[in-house]
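Taking the hints into account, I'd like the entire structure generated from these sequences.
Protein chains: 2
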Amino acid sequence: MPLRLEYPTEPYSTVKRLKDRANYSLKTIHKIVNSCPMLHVSFQSPNSPFPAVLPMIGQMGSFKRPSADVGEVLDLYLHGYVSSRIMNLARAPSSSPSEATSSTPSPDAGLPITVAASHLDGLVLALTPNTHSYNYRSAVLFGHAQPVTDPAEKLYAMELITNSVVPQRWDNSRIPPNAAEMQSTTILRVKITTGSAKIRSGGPHDEKVDMDDEELKGRVWTGVVPVHTSMGEPVEAEYNKVGKVPEYLEEWRKEMNIEGEAFAKTQASKEMGAE
Amino acid sequence: MPLRLEYPTEPYSTVKRLKDRANYSLKTIHKIVNSCPMLHVSFQSPNSPFPAVLPMIGQMGSFKRPSADVGEVLDLYLHGYVSSRIMNLARAPSSSPSEATSSTPSPDAGLPITVAASHLDGLVLALTPNTHSYNYRSAVLFGHAQPVTDPAEKLYAMELITNSVVPQRWDNSRIPPNAAEMQSTTILRVKITTGSAKIRSGGPHDEKVDMDDEELKGRVWTGVVPVHTSMGEPVEAEYNKVGKVPEYLEEWRKEMNIEGEAFAKTQASKEMGAE
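As they're listed, the protein sequences go chains A and B.
With the first letter of the first sequence counted as 1, position 211 gets the number 211 in UniProt numbering; the numbers rise by one all the way through.
With the first letter of the second sequence counted as 1, position 270 gets the number 270 in UniProt numbering; the numbers rise by one all the way through.
The hints are simulated quantities; they were obtained by calculation from the structure and are not laboratory data.
It does not matter which identical chain is used: a pair holds within one copy or between any two.
No more than 16 angstroms apart at the CA atoms, straight line, and that leaves these computed lysine to aspartate or glutamate pairs for EDC-like:
1. 217 x 236
2. 208 x 238
3. 19 x 271
4. 265 x 238
Structure (C-alpha cells):
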C-alpha cells in the first residue's frame with residue numbers, strides 16, 4: 001500500500017474551527033483541486049490595499065514523473081486569464097519578500113500565492129437558521145509561483161490542463177501548438193509549501209432543545225438538497241462540421257452527470273462528525 | 001428609469017486583458033455575487049507569507065433601506081465558517097494599514113478584503129487547445145470588513161443570508177434565534193470600495209488559418225458544453241417529521257434547475273465579443 005502523505009500543518013494552514021472536518025492528505029487535497037473547474041488564486045499585489053483574487057484553471061502534475069499518483073508530491077500548473085500583473089510579479093527574480101535580500105534563487109523563490117478549490121455538495125436544512133449548513137469539499141494550497149520557461153514542460157502542462165477540461169480533448173484538437181501559440185501561452189508552476197482541506201457531509205444536526213420539540217419537527221422540513229454540477233446538451237459552433245457529438249465527449253459528459261448526482265446524494269447521508 | 005451606477009475603476013480593480021468582457025455596473029456585479037452560493041474571501045493575515053482565502057456565504061443588502069434595488073449602493077454581509085483569525089482581524093480598532101496612525105474611525109476602517117464570486121456557464125471547445133475557453137460570470141468586490149454589533153442589523157443580515165440559500169427558509173424555520181445563537185453568530189459587514197466583473201458568453205472563436213482548414217473542421221468538434229448547478233431530490237433527515245417536501249422548497253428547486261439549464265444554454269450562443 002502506498003504511503004499516505006500529509007502536508008505539514010503550518011500556523012496559516014491549520015484548520016482551527018470544526019477540526020473533525022480537517023484533512024491534510026495530499027491525495028484528498030489534490031483530488032479536490034483536480035476536479036475543480038475554476039480555482040481562486042490570491043496574491044498580494046504591490047501598491048494595492050487589497051489582495052488580488054483571480055479565477056483560473058489549474059491541475060496538479062509532475063513533469064519529471066508524469067505517471068506519479070495523485071497522492072504523491074506534485075506541482076500545481078495554472079493557466080487562464082493571467083493578468084500581466086500576476087505574470088510580471090511571478091517573473092520577478094525574487095518576488096518572495098523573505099527572499100528579497102538573497103542573491104541566489106531558493107526553493108521558495110517566486111510569487112507567494114494561495115489557491116482555493118471549493119465544491120458545494122448540498123444545502124443542509126436544519127430546524128433553526130443557525131444550524132443550517134452546506135455539504136462541501138474545500139481545499140487550499142499555499143506555494144510559490146513561477147512561469148514555466150522550458151517548452152517541453154509547458155507543453156506537458158498545456159496537455160494536462162486541456163485534458164482536465166474534457167478528457168482526451170488534447171489529442172482530439174489541432175496539435176501541437178505552433179510557435180506563436182507557445183509564446184502567447186502563459187503557464188505558472190506552483191511549488192507547494194503546504195495545504196489543507198475541509199470537508200462536510202451528512203444530514204443536519206440540531207440542538208437537543210429543538211430536537212425535543214415535536215411541534216417544531218412536524219412543522220420544519222429537515223434534510224439535505226444535494227447539489228452538483230450538470231452539463232447540458234452540447235451546442236455546436238456555427239462553423240462546426242463534425243456531424244454528431246463525438247463519443248469521447250458525450251460518454252464523458254453523461255457519466256459525469258450521473259456520477260455527480262450520485263456523489264452529492266451519497267454525501268447527503270454520509271455522516272462525518274457533528275456540526 | 002433608475003440611474004445605472006458603476007463602480008470606479010481603481011488600478012487594482014480595472015480589467016486589463018480582454019476589456020470587452022469587463023463590466024463595472026453595480027447591478028451586474030451584485031447579481032453575480034447574490035446568486036453565488038460560495039464566495040471566496042481573501043485577506044492578508046499578519047505573520048503569514050501567503051494571503052488567506054476562505055469560502056464563505058454572503059449577500060448584498062442595505063440595513064438602512066431594506067427595499068433598496070440590487071443595482072443601488074449596498075453592503076456585503078458575510079456569514080460562514082469564520083475563523084477566529086478573520087474575526088479578530090476585522091474586530092481590531094484599525095486593521096487597515098493606511099489607517100493605523102489615525103485616532104478616529106474612518107469610512108475605510110476595518111479589514112481590507114477581496115471577495116470573488118464566479119459562475120462557470122460552459123466549456124467552450126475550439127479547434128486548438130489555445131482557443132479553448134470557458135463561458136463564465138465572475139465578479140470581485142474590494143472593501144473593508146467589520147463585525148456587525150447591532151442586534152437588529154445582525155438579525156436583518158441573518159434573515160437575508162438564510163433566504164439566499166433557500167427563499168422563504170427563514171420564516172419556515174424556528175425563529176427568532178435565541179440569545180445564545182445571536183451571540184455565537186458572526187456576521188461581517190463589508191463597506192465596498194469598488195468592484196468589477198468579467199463575463200464571457202458565446203461560442204468558440206478560432207484563428208483564420210484554422211478556420212480555413214476544412215479537414216480540421218471536419219475532424220474536431222467545436223461548440224459549447226453548457227454547465228449549470230443542479231439540485232437533486234431532497235434527502236430527508238433521520239429526524240424529519242414533515243410528510244412531504246414543502247412546496248416553497250420543491251417549486252424553487254425545480255424552477256432553479258430549469259432556469260439554470262436554460263441560462264447556460266442561452267449563454268452558449270449569445271455572442272459578447274471576440275476571444
